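Protein sequences, first through last, are from chains L and Y.
Position 191, counted from 1, in the first sequence is what my numbering calls 191; the numbers after and before it change by one each time, with no gaps.
Heads up, my numbering is the position in the second sequence plus 258, with the first residue counted as 1.
A couple of the hints might just be wrong.
[As the list claims (entries may be wrong)] What follows is a set of in silico ranges between Cβ atoms, one per label pair, in the way DEER data are often shown: (1) N547/Y - Q65/L: 28 to 38 Å; (2) K457/Y - S150/L: 29 to 39 Å; (3) A289/Y - E126/L: 16 to 26 Å; (4) K457/Y - S22/L: 25 to 35 Å; (5) S150/L - E437/Y: 28 to 38 Å; (6) E437/Y - Q92/L: 51 to 61 Å.
Hints were generated in silico from the structure; no laboratory data involved.
Just so you know, these numbers come straight off a predicted model, no measurement behind them.
Virtual Cβ for every residue (Gly too), placed ideally from N, Cα, C.
One letter stands for each residue in the lines below.
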Amino acid sequence: MAKRIDIKDVNIYYGKFHAVDSVTLSVPPRSVTAFIGPSGCGKSTVLRSLNRMHEVTPGARVEGQVLLDGEDIYAANVDPVEVRRTIGMVFQRPNPFPTMSIRDNVVAGLRLAGVKNRKRLDEVCERSLRGANLWEEVKDRLDKPGGGLSGGQQQRLCIARAIAVQPDVLLMDEPCSALDPISTLAIEDLITELKQDYTIVIVTHNMQQAARVSDQTAFFNLAGVGQPGRLVEVDDTEKIFSNPSQKATEDYISGRFG
Amino acid sequence: MTTATTDLHRPATGPAFQGIGAGRKIKNAVATTLVALAFLVAVVPLVWVLWSVVQKGLQPILSADWWTHSLYGLRPYDDRGGAYHAIYGTVVQALSTALLSVPVGVMVGVYLVEYGAGTRLARFTTFMVDILTGVPSIVSGLFVYALWISILGFGRSGFAVSLSLLLLMIPVVIRTTEEMLRIVPNELREASYALGVPKWKTIVKIVLPTAMSGIVTGVMLGLARVMGETAPALIVGAYASSINLNVFDGNQANLPLLMNDQFANPETAGFNRTWGAAMSLVLIIMLFNLLATVISRLSAIKK
Ligand SMILES: Nc1ncnc2c1ncn2[C@@H]1O[C@H](COP(=O)(O)OP(=O)(O)OP(=O)(O)O)[C@@H](O)[C@H]1O
Ligand SMILES: [Mg+2]
Chain L
1 MAKRIDIKDV NIYYGKFHAV DSVTLSVPPR SVTAFIGPSG CGKSTVLRSL
51 NRMHEVTPGA RVEGQVLLDG EDIYAANVDP VEVRRTIGMV FQRPNPFPTM
101 SIRDNVVAGL RLAGVKNRKR LDEVCERSLR GANLWEEVKD RLDKPGGGLS
151 GGQQQRLCIA RAIAVQPDVL LMDEPCSALD PISTLAIEDL ITELKQDYTI
201 VIVTHNMQQA ARVSDQTAFF NLAGVGQPGR LVEVDDTEKI FSNPSQKATE
251 DYISGRFG
Chain Y
259 MTTATTDLHR PATGPAFQGI GAGRKIKNAV ATTLVALAFL VAVVPLVWVL
309 WSVVQKGLQP ILSADWWTHS LYGLRPYDDR GGAYHAIYGT VVQALSTALL
359 SVPVGVMVGV YLVEYGAGTR LARFTTFMVD ILTGVPSIVS GLFVYALWIS
409 ILGFGRSGFA VSLSLLLLMI PVVIRTTEEM LRIVPNELRE ASYALGVPKW
459 KTIVKIVLPT AMSGIVTGVM LGLARVMGET APALIVGAYA SSINLNVFDG
509 NQANLPLLMN DQFANPETAG FNRTWGAAMS LVLIIMLFNL LATVISRLSA
559 IKK
C-alpha cells in the first residue's frame, strides 16, 4: 500500500518540444500533494509521467528518474503495464466505459486482469463504490449503463474504478473541473479519506481546493511562451499559501499574475 | 464610448422586431421548392424500382416450391420449380465471403489505427486499400479466374465467386473498421491503460466493443452490396439449374446468375423466374440489413 514517490531531475518532451524542465520533487506516502500553476505549464504532463501514461502519446518521452519506494519506474526492465497497475489515475473528464454497466465499470480492471470469481467481484464492487461515496446512490441500479449517471456521479464512478484495483498511488488530473460545488465537496471529502490508504497527487486550478485537501503544494510556472514549464517551489501547503518563498508563487496565489 | 452608453439608455422607438421581408419570403419559397424537387428526383426512381420488383416478383415467390425446389429438369415454359438452388448459393457465398473478409479486414483496420498510425507500412496499406476500393467487380472476377482457376487449377465453384467478392469486400471492411475505431475517444483507451490493462486487451475488450455497432452495420451494408454482384459470378462461377450444396466444388447458382439465365428465356415462366429472383434478392438483402440493425442495437453504446 501507499508508496513514496521521488521525482529526480525529470525532463519531459513531446517530440522535439521540451515541455517540462528538470523537476525534482518528493511525495511522501499517505499524503496529498497538489500541483498548481497557470495553464500550459506542464502540470498534466508531469502527472502523466508518474505512471508512464506520458509515453502513450506518439513521440513523447521522459528523461530522468521517477522512484516508487526507491525503484525507478523508467528502468529498462520495468513493464509500463505493471507501473500503471500500481499507480492509478483519474482524468479531468469522467470517462466511464460506454458499453459497460455501472458494476462492470467498477470491476473492469479486475475483470480484464482475469478475475472471474463473481462473489469476489461483487465484494470489490461494493467496497469501491462505498469508498467513492457512490454506493447509496447507485446500489439499486448496478446493471444500468455507467454513461447514464450525472457528471459528478460518473467522476466518482471513475474514482471507484481506479481504487478497485487497489493501486498504491492515485493520480488525479483536475478531477473536479467539470463538477458542481456539492459534487466537488464530495470528492474533496473522498480525497481526505483516501489519503489514509493512498499516496495522492492532484492537479487543480482551484486554490481553495489545493488549500483544503493537500498537505504539500507544488507550484509550476512558465518562463515564457515556447519555454519549458518548470517547478518554482514546493512546500507545505500552509507555508505556500501563507508565506511562499518565491515572489512568483505569491503573485499567482494572490491573483496578481501575468 | 459615451454615445454607445446613451444609445443603450435611449427609449426604443417603434417595434423592436420587423416582419420578414418579401425578399426573404421568396428566397425561402424557392429554396423549399428546390429541395422538395431534388427529393422527388431522388425518391421517385427508387420507389418505382421497388414497386416494379414487388409487382412482378411477388407472385412467383408466394408458392412454397419457390423456396424448396430448384429448376432442375424443367423446360423453359414449365410454370413450376423454384429458386432454392440460387437462394442457397447466394446465402452460402455471401456467408463465406463474410467469414473470410471480416477477420482480415478488422485486423487490418486495427493495425492501421491502433498500431501502425503514421508508419510507412500503414501509409502503403491505406494507399493499396484506396486502389482496391476502386477495382471494378469484373476485374476482381478476372483476377480470381486467372489465379484460382487458370494457374492453381481449381474448377469453377461457389467458393471462387466468394473469393472474387472477397476482393471487393475487404476494402469495405477495412475502411469501416478504420473509421469506427477513429471515433472511439482516446480517453477510453487511456482509462483502460490507467487500470493496468495491456494494449492488446484494451483493443479487444474496450475499443472494439465500443466500435462494434458501427462495424457490424458497415459489414452488413458491404455484404448487401456484393451479394448482388453479377460480373464475377459470370466469370468464375457458373449457373446450374440444380441444387449444389457444396460451395467448394462445381457450378453453383446464385440469384444474379439465375436472373441472368432466365432473362434469356422468352416464356412467361422465364419472366416470372427473373422477377421472382429479383424479389428474393431484395428480400434477402433487407433481411441482412434488419439483422445488422438488431445486432448493432444489441451491441450499441448504452445510454
Ligand atoms: N500531446 C501533446 N503534444 C504536444 N504538446 C503537448 C501535448 N500535450 C501537451 N503539450 C504541451 O505541453 C505543455 C504542457 O501541457 P500540459 O497539458 O501539461 O499543461 P497543464 O499545466 O496541464 O495545463 P492545463 O492547466 O491547461 O491543463 C503545453 O505547452 C502543451 O501545449
Ligand atoms: Mg492539464
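Do the hints match the structure? See the list:
1. N547/Y - Q65/L: 28 to 38 Å: 57 Å, violated
2. K457/Y - S150/L: 29 to 39 Å: 31 Å, holds
3. A289/Y - E126/L: 16 to 26 Å: 59 Å, violated
4. K457/Y - S22/L: 25 to 35 Å: At roughly 30 Å between Cβ atoms, S22/L and K457/Y fall inside 25 to 35 Å, so the hint holds.
5. S150/L - E437/Y: 28 to 38 Å: Taking Cβ atoms as reference, S150/L and E437/Y lie about 31 Å apart, which means the hint holds.
6. E437/Y - Q92/L: 51 to 61 Å: 27 Å, violated
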